[in-house]
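Enquirer: Here's the letter readout for the chains.
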Amino acid sequence: MSKTVDINEQHVTRVEGHGNIRVRASDGAVEQVEWQVPEAPRFFEAMVRGRDYQDIQTIVSRICGICSVTHSLAAIKAIEAAMGISVSEQTDKLRILTHYGEQLESHSLHVGYLVAPDLLGVNSVLPLVESHPDVVKTIIRIHRLGNDWMELLGGRRTHPVTLRPGGFGKLPRESELKKLRNDLENIIPDLKTVAQVIGDLAPKLPAFNRDTEYISLLNEGEYSFYHGRIASTDTEETKDVDEFESVVNEYVSPQSTAKWTRWHRDAYAVGALARFNLNAEELKPLAKETAQNLGLTQGCCNPFMNNVAQVVECVQVVEHGIELLDDVLSQGIEEEVPAPKPAPGTGVGCVEAPRGILFHKYSFDEHGVCQGGNICIPTNQNHANIQKDFESFVPQIIDRDQEEVRLLLEMLVRSYDPCISCSTHYLNVDFV
Amino acid sequence: MGDDGIGVHVVRELAAEHGPFPDTEISDLGTPGMALLHSIAERHKVILVDCADFDQPAGTCRCFSPEQAHSVKKMSGFSLHEGDLFQILKISRDLGEAPSETILVGIQPGNVSPKERLSPAVTKQMNDYVNLLKKLICNTDCRPCGNPPK
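Residue numbers (this note's numbering), protein chains in the order written: chain X, 1 to 432; chain F, 1 to 150.
None of these hints come from the bench; they were simulated from the model. Treat the hints with caution; some may be incorrect.
To be verified - In silico DSS-like cross-links for lysine-lysine, where the CA-CA straight-line distance does not exceed 27 Å:
#1 X:Lys288 / X:Lys178
#2 X:Lys137 / F:Lys45
#3 X:Lys170 / X:Lys3
#4 X:Lys137 / X:Lys170
#5 X:Lys204 / X:Lys388
#6 F:Lys90 / X:Lys137
#7 X:Lys179 / F:Lys90
#8 X:Lys170 / X:Lys93
#9 X:Lys93 / X:Lys192
Because the structure is a prediction, the values reported are computed rather than measured.
Chain F extracted, bound-state conformation:
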């Protein structure tokens, strides 16, 4: 993976260098499709970090709630791993088992071609992403607003 693997790199960094956080589970969820429902069910708070295309310079980070965006993803229907995060979150709400709070952290990719490392634009901001995650986990001075974190 190229920058589409940003979530994996962030959770590794977070878990290895900054954890553990009390009452917090840090997981690489892979490409779970419907199985995401099981991972988030009835959690107090869920923070999902992934690469997201919102037409900004590579490395730009946005922190937002599901209500602050809508998906324009087109599903091919070819893969069991395929899933639209927003649809899964809606199912979770419809089933009455959604987390009390869901925060999405999207990072604009620079390169999503088959690779084994992140692009320089994303790599150089890794510390910023991790610090944002730490604030979100610890609830300090950070709320999802849809704008780049300060």
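Okay, chain X solo, but in the shape it has when bound:
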């Protein structure tokens, strides 16, 4: 059989940012397979130089409209580490709760608006409003709750204003937290509905498995999004977040304006599936049951199952969110006014963004003026792994119709929930 495949997809849709798929094959022989990132650089590390430490989280929040809470928290943790600022238990719990709102908002958006169309055979969520109105309504209710959750604790739906070094600029009222708790309780049936829908559609996900190194935060006794050490499925050794540069080992690839990373192998993956593979035994009961019902088991190395892991995490953050709210409400909200004092130093902050582990590092002088920053975001840690998946997956599907090959590769990229704009650093390249 003589068959030529020539895919030059510019750009992949239903992802954030610009990424290209390039595949060439003749007579079943694959000649070129590339995941390319041509996105323009953002210069955030340059923007924070010379800025006061109190401004940093406000600036870097703008890296992403979807992960703005995560970027704010990573920056604040780095600032606090650099200056030796400690926070109260109340602040810690409220920050985790704020972060959970973003996880719910982001995951529901990705699974509901961006992935579900693939599984239901349409090109966007818009046709689903007519064909599957109840499913869309359910997704919108969950997405709305995620937005409202962030707005209550962060002060607005995106780019939070209450998160400050040392604590919260404005604390929620107990009555508001009680209402949020009630809303979380009431959303559980909707989460079960979505899990059921995704469970019914999951058999449509390609059965593609590639042995992969997964990396995430690990903290004993909890399914960690916020605290812990850097862990890998390849080793029992964990590293302090201060050592992140020896984990990510950033390097330049000529096919990408985003840097690539590697630790024990030539690539690794981060995100919901990585967290699940390293933390699954710490899931709350309903989240654990959801994973079982969806056929998601620890050690899974099918990247398409990342979307299933995101559904499990939606349940996890709601379930644990209710527990945290009960805890906070039982103690009562104590008024606190953050009063940090600037100090010289360098610090690292690490938080799990919805799409994987995120690192921020800043140095400050004695006046609290930023001298330099280094930000390593999850999607740029996934680019090399996407390339490795492509190299393994394409030969398995190259005999299929070209449009099917293109769609499957798009779906593979989308399964990572990439935030490509966030991942780009400056680099001059010419694409061949």
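Fit chain F to the given chain X structure using the hints.
Expert: Just chain F, lined up with the frame of chain X:
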């Protein structure tokens, strides 16, 4: 933003110099995509102000209902911020949570290249836009008709 930022300038002016209005929330909604659904859900009345290209001299203002126009926007599908307002409003109606009344205020841009200020043609009519908004909010002598406001 150049004149594509007109909505931001109008709501700032309205909120800073003329507000607050009773039972009225004035917001810069950014580029929300599907999240616009949440902002407008089950409101009594929604007025959306934005730059709109309808092939008229720069600064021309049109006030209309969604039924009085249709979108010719071509979606690239590249960005999560992308959205066709008319499609979002239709989804809102299909979901049964559309506002009782929706009014669109479109202002023809003169320049939408990367900038930090409005073009002179749009700037000089800022007071007219704000006065129109005040009338629409207060329901005084102003209904969406698709014609330039008098």
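Enquirer: Hint by hint, note whether the structure agrees.
Expert: Here's how the hints hold up against the structure:
1. As the CA atoms of Lys288 (chain X) and Lys178 (chain X) are separated by approximately 25 Å, the hinted pair is consistent with the 27 Å bound.
2. Only pairs whose Cα atoms come within 27 Å are accepted, and Lys137 (chain X) paired with Lys45 (chain F) is accepted, the gap being roughly 22 Å.
3. Our distance criterion of 27 Å between C-alpha atoms is broken by Lys170 (chain X) and Lys3 (chain X), whose separation comes to about 63 Å.
4. Only pairs whose Cα atoms come within 27 Å are accepted, and Lys137 (chain X) paired with Lys170 (chain X) is rejected, the gap being roughly 32 Å.
5. Of the pairs offered as hints, the one joining Lys204 (chain X) and Lys388 (chain X) holds, with about 22 Å between alpha carbons and a cut-off of 27 Å not exceeded.
6. A threshold of 27 Å between alpha carbons decides the hint, and for Lys90 (chain F) with Lys137 (chain X) the separation of about 14 Å falls inside it, so the pair holds.
7. Distance restraint check for Lys179 (chain X) and Lys90 (chain F): the Cα-Cα separation of roughly 30 Å exceeds the 27 Å cut-off, and the hinted pair is therefore not satisfied.
8. A hinted pair counts as satisfied when its Cα atoms are at most 27 Å apart, and Lys170 (chain X) with Lys93 (chain X) qualifies at roughly 15 Å.
9. Of the pairs offered as hints, the one joining Lys93 (chain X) and Lys192 (chain X) holds, with about 26 Å between alpha carbons and a cut-off of 27 Å not exceeded.
Of the numbered hints given earlier, the model fails hints 3, 4 and 7; all others are met.
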